[in-house]
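Q: So the chains spell out like this:
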Amino acid sequence: MKLPQAWRQPLAIVGGVIALAWIVIALAAPLLAPHDPLAQDLPRLASPGPGHWFGTDQLGRDILSRVMYGARLSIPLTLLLVVLSVLIGGLLGACAGYFGKWVDETIMRFADLVFAFPTIILAMVVAAALGASLTNAVLAVLVVAWPAYARVTRGLVLGVREREFVVSGRLLGFSAWRSLRVDVLPNVTGPILVLATLDIGTALLLLSGLSFLGLGAKPPSPEWGAMVASGVEVFDSWWVATFPGLAILTVVLAFNFLGDTLRDALDPRTARAIKERAL
Amino acid sequence: MSPTSSSEDLKGDTARRKPGRSGSRSPLIRFLARRVLTALLLAVGITLVTFVLTNLVPGDPVSANLGQRALGDPAIVAQWRAEHGLDKPLPQQYLMHLQGVVQGDLGTSQQSHRPVMDDLAESVPATLELAGAAILISLVAGVAFGVVAALRRDRLSDHLLRVLSLIGISVPTFWLALMAFYVFFYRLQVTPGSGRIDPTMSPPPQVTGLYTIDSALAGQWDVFASAVGHLITPALVLALYTIGLLTRFTRSAVLEVLGQDYVRAARAKGLPGRVILFRYVLRSALVPIITVAGLAFGSLLSGTVLVEAIFAWPGVGQYAYKSATTLDLPAVMGVGLVVGGVYLVINLIVDVLYGVIDPRVRLQ
Amino acid sequence: MSLLAISDLKVSIGGKEILRGVDLDLRAGRVHGLAGESGSGKTMTGLAVLGLLPHGARTSGRIALGERDLLAMPAKELNTVRGGEVAMVFQDPATSLHPMLSVGRQLTEHMRHHLGLDKKQARARALELLGQVRIPGPEGAIDRYPHQFSGGMRQRIAIAIALACSPKVLIADEPTTALDVTVQAGVLRLLRGLCDDLGLAVLLVTHDLGVMSAVADEVSVMKEGLVVETGPRGQVLRDPTHPYTRALLESLPGETS
Ligand SMILES: Nc1ncnc2c1ncn2[C@@H]1O[C@H](COP(=O)(O)OP(=O)(O)OP(=O)(O)O)[C@@H](O)[C@H]1O
Ligand SMILES: [Mg+2]
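Chains as they are written, first to last, in the working numbering: chain A, 182 to 460; chain B, 526 to 889; chain C, 741 to 997.
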């Protein structure tokens, strides 16, 4: 099978390889990791070297193993997060666009309100109010992430709704739900998919940011943002913060490479709409 | 040529004709008035959201603020609640809150025991200085890189800028801040440490609250140098994400304009490339760029929370963080209001800029 | 006298041959009509003259403006020819004027660049031009923006812009296609009048043989990147030799052969 044109690009390949590598690491961490990520049995703050290639932290844990195990937390949670926001935002946006009138007004004004706050600040308040835990951090990010999808979906649905086949379907007496599912949905999935790919990076940055602030993962858990935070306390042992940060960077970068290539494959108008909304 | 044919043309036109130049002011004012009204409505919405968020969620401010011993004593708890108006029904609390907001009273912070307004008056300028510097850097660099990428489309520099800008939007801000602090301050010692100015100096007399501007106004050049030196690293760290964003976006906006008929028409007129770029291409591309820059400012404010934490920058980000983690409700609501207000002002600025750039908006 | 002579012009984009050896001859004071079906290469011929072909186009042949070959000309020199000696009017006046620049600005900037006029002189000349293309109230019109004019007026403004530096050759690419039928006649008469008064050589690109028969002196017909027939209007339209021209003529509504 030949890869589609859009994927035969170096960026997409690099992104795909890195993403795949991380998924493998996440799945196989127990096999790959040289140490127990929680065991405090190594010398403290040992600099990178044989036996502990990424060094050890202030409790004598192996950073390489912790980074590997961190993938088991961050990657599935981020993916779950994006899937949920696509579902929630997409559904709400589709309803707003399809039904219009007060449904549209209510949903979109809500979205506007969420947009009026910088994401971290809103997520921070939500996370703090719910109490610090990784689950609550995910919920908090969800609260700020859905409106982007609602807006894009609404715009796309509005565009599709007036097209002939939808109108004629309605004239034939098909139910609103049916035409939403059969006529509208297939036309909006492409752009939404691109947006979601790009959003994986944003979501991971936000989630690890909350953990960095102490509003997500709780101590011994090897979450990358929290690991960077613990590196702040001992910042002359640079390796403690550097490697988990690089892990975040590479995962986000991989998905951004993929998403950017996918976006180029879309028609420019939709692509721009996405870019504006995805901020 | 008969005069009738030109009057044919005129028919559709006279209806659209505007009164002379003197008349063009009032539509702009009406346009602004409409914007301000929408902004006010959104402002009320913002107070409501911050209020609901801080009240309907399960977190308990009492336990976040009183020590274990005090919590065990119901009398102390009740007194604390009454002191902060927490014993009243929620709608009444909201109205009290709203009334206070209108009078410029945001309540007293449960942490600092000072009026929230005073806390904000100190931290807001610090953040505005940081975010303002970052957005300026991002606009200049992002637009310049984006234009270069568009003009050299598909060449090496375009590909390079694409990779670099994607890296820019992928770096975790908090990590970058830490790395920059470690490398430039701790290792190389080329940048000053945390804070807004050298701890041995006293801040310049307050005019705007922005140390760089205030010190320049007062002619205190040593303070100015110190303020700029302290500002530059966190601002650059903060800007990296938005530079990446604006580079990517400017590129596509410029490419889109380059394909327009009027650009080809301008080339057909034999204008020099530089004039076409600045007068024809950038002017059009600026409209979408400004939209995105407005949104980017929002993401900058997010970034400040993380960057301020590392650089000990005494701004709203740190204040928001402290008050959120301690569930200091008045402070959180104050931050929400300020941040929402900044968002509204940014939107307003963006709208006004549309009008300045695009006569179709101005003369609507 | 031949002002602009295109000979054996070939253009290909991305390996695809778009023009396969076009010959055209434009004379002062004459309107040369260029007809042909969509995609036959009319626009590309016009763009090739000004060196405005899309990115990646390859050209060969000769486009002689007097003694000079425009195809061989360095970019800088070509820029003085563009707008100065050869000007172009595009199909759609809704998109060929910059929406955010005033009419006066778009009328004067290339005059100031090519002719070295100062602000005041350029403005005076702009007012004169607006009068020439029958824009009522030039004084008021000059400070307005394109969106404040109707389509026909915008096309007149575009023509004024093209005429600003007194070019010798005007290429009008379907200048009336985007306009109302009632407005079309006015714009065409304007072009014809300007051609007669100023001694311009006009290349009038159009789909419309009706338009052609109304204003053109010579007519050429293109098909698939080649000029298949050329000659005086009367001859080509009344007595076409090429079967394609005959087919075109027969498809004209209301025309009975
Ligand atoms: N940017 C481009 N890249 C590649 N091919 C192009 C490009 N623009 C046009 N073409 C091709 O060049 C050929 C000639 O196009 P041209 O625009 O000159 O036709 P035309 O005679 O002006 O048609 P119309 O009457 O529709 O304006 C067409 O086959 C078209 O597909
Ligand atoms: Mg054409």
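Heads up, a few of these hints could be off.
Claimed, not checked - Output of the computed footprint for chain B on chain C, the stretches with three or more beta carbons under 8 angstroms from beta carbons of chain B: (1) 823 to 834; (2) 845 to 855.
Unchecked claim - Selected chain C positions facing chain B (Cβ under 7 angstroms, derived; list incomplete): (3) S742; (4) N819; (5) L837; (6) H838; (7) I882; (8) Y885.
Calculated directly from the structure, the hints in this document are not laboratory data.
Each residue gets a CB set at the ideal place from its N, CA and C atoms; glycine is no exception.
Q: Return the status of the interface hint for S742(C): holds when the least beta-carbon distance to chain B is below 7 angstroms, violated otherwise.
A: violated, 22 angstroms
Q: Does the nearest C-beta of chain B fall within a distance shorter than 7 angstroms of the C-beta of I882(C)?
A: This hint is violated: I882(C) lies away from chain B, its Cβ roughly 12 angstroms from the closest one there, beyond 7 angstroms.
Q: Grab the minimum C-beta distance from H838(C) to chain B and call the hint holds if it beats 7 angstroms, violated otherwise.
A: holds, 4 angstroms
Q: Under 7 angstroms, Cβ to Cβ, is where Y885(C) needs to be relative to chain B, so tell me if that hint holds or is violated.
A: This interface hint holds because 4 angstroms falls under the 7 angstroms limit.
Q: Using 7 angstroms as the Cβ threshold, decide whether L837(C) counts as touching chain B.
A: Since the shortest Cβ distance to chain B is 6 angstroms, the answer is holds.
Q: Quick check on the hint: N819(C) CB to chain B CB, less than 7 angstroms?
A: Nearest chain B Cβ about 5 angstroms off; hint holds.
Q: Test coverage of the stretch 845 to 855 of chain C by chain B using CB-CB distances below 8 angstroms; three residues minimum.
A: Per the Cβ count (4), the hint holds.
Q: Counting residues of the stretch 823 to 834 of chain C with a beta carbon closer than 8 angstroms to any beta carbon of chain B, are there 3 or more?
A: Our answer is that it holds, as 6 residues pass the Cβ test (under 8 angstroms) against chain B, meeting three.
Hint compliance for this structure: hints 3 and 7 are not met, and every other hint is.
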